Amino acid sequence: MGVTTVTQEFISSVSASKLFKGLAVDSHNLLPQLAPDSLQSYDIVEGDGGAGTIKHLKFTVGGKEQSVKDRVDVLDTDNYYSKHTYFEGVGEKLESVVYEVKVEASGEGSVAKFTSHYHAKDGADIDELVKSGEKKTGGFFKLVEAHLLANPSVYA
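Residue numbering for the sequence shown follows UniProt numbering, beginning at 1 and increasing consecutively.
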């Protein structure tokens with residue numbers, strides 16, 4: 001099994017606290033509202049939202065309904081850091097995908113750093129999956145940021 005790691009950084013005028021809440025703490029509530037055509041549900045099935053919580057995502061890709069289980073490994077709200085693992089339903093070529101989000105204050109806003117670790121099954125070519133994942137991460141960030149900029153009272 002090989003691991004491919006990708007890191008992306010995004011600069012935002014949204015405060016670190018608000019951005020982290022949208023990206024990591026409350027994403028299971030926020031994302032189905034922001035992208036109802038592609039994300040049908042993102043439900044907590046076990047836990048209280050903190051470390052150890054298991055969530056179930058149902059989404060559509062290319063007109064096909066899919067689902068994945070997501071485990072919260074770390075949720076550090078004081079340091080704006082989270083780590084979670086997609087561990088079931090990640091496809092034929094992947095064992096799991098581990099996502100880390102770190103948001104830091106910067107000037108009048110913040111910097112969000114996403115690190116994705118794709119754990120491929122032996123011999124699997126995951127280049128296209130990695131490229132697709134990079135695009136989805138950028139889209140996810142832009143969607144949450146745009147919502148927070150348009151709705152400044154959210155997470156105030």
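Since the hints were made in silico from the structure, they are not lab data.
Bear in mind that the values here come from a model prediction, so they are computed numbers and not experimental data.
Do not rely on the hints blindly, as some may be mistaken.
[As the list claims (entries may be wrong)] Restraint ranges, calculated between C-beta atoms of paired labels, are given here: (1) Gly-123 <-> Ser-13: 24 to 32 Å; (2) Glu-88 <-> Ile-11: 30 to 38 Å; (3) Glu-108 <-> Asp-78: 34 to 42 Å; (4) Glu-65 <-> Glu-108: 36 to 44 Å; (5) Asp-122 <-> Asp-78: 37 to 45 Å; (6) Asp-125 <-> Ala-150: 17 to 25 Å; (7) Thr-115 <-> Gln-40: 25 to 33 Å; (8) Lys-142 <-> Asp-122: 29 to 37 Å; (9) His-117 <-> Pro-152: 28 to 36 Å; (10) Thr-5 <-> Pro-152: 30 to 38 Å; (11) Ala-150 <-> Lys-113: 22 to 30 Å; (12) His-117 <-> Ala-146: 37 to 45 Å; (13) Gly-63 <-> Ser-17: 33 to 41 Å.
Just so you know, even glycine gets a beta-carbon here, dropped at the ideal spot from N, CA and C.
Okay, Asp-125 versus Ala-150 on CB: inside 17 to 25 Å?
-> 40 Å, violated
So does Glu-65 sit 36 to 44 Å from Glu-108, Cβ to Cβ?
-> Holds - the Cβ-Cβ distance for Glu-65 and Glu-108, about 41 Å, lies within 36 to 44 Å.
Given the range 30 to 38 Å, decide if the beta-carbon distance of Glu-88 to Ile-11 lies inside it.
-> 34 Å, holds
Is the distance from the Cβ of Thr-5 to the Cβ of Pro-152 consistent with 30 to 38 Å?
-> For Pro-152 against Thr-5, whose Cβ atoms are near 34 Å apart, the range 30 to 38 Å holds.
Just tell me: holds or violated, for the beta carbon distance of Ala-150 and Lys-113 against 22 to 30 Å?
-> 23 Å, holds
Falls inside 34 to 42 Å, the C-beta gap from Glu-108 to Asp-78?
-> 21 Å, violated
Lying within 37 to 45 Å: is that true of the beta-carbon distance His-117 to Ala-146?
-> 27 Å, violated
How does the Cβ-Cβ distance of His-117 and Pro-152 compare with 28 to 36 Å: does it lie in that range?
-> The hint (28 to 36 Å, Cβ to Cβ) holds, given that His-117 and Pro-152 are roughly 34 Å apart.
Hint says 24 to 32 Å; check whether the CB-CB distance for Gly-123 and Ser-13 agrees.
-> The hinted range 24 to 32 Å is violated for Gly-123 and Ser-13, with Cβ atoms some 44 Å apart.
Honestly, do Gly-63 and Ser-17 meet the 33 to 41 Å range at C-beta?
-> 38 Å, holds
Range hint 25 to 33 Å: satisfied by the CB atoms of Thr-115 and Gln-40?
-> At 27 Å between Cβs, range holds.
Should the hint that Lys-142 and Asp-122 are 29 to 37 Å apart at their CB atoms be regarded as holding?
-> The hint (29 to 37 Å, Cβ to Cβ) holds, given that Lys-142 and Asp-122 are roughly 35 Å apart.
When the structure is compared with the earlier hints, violations turn up for hints 1, 3, 6 and 12 and for no others.
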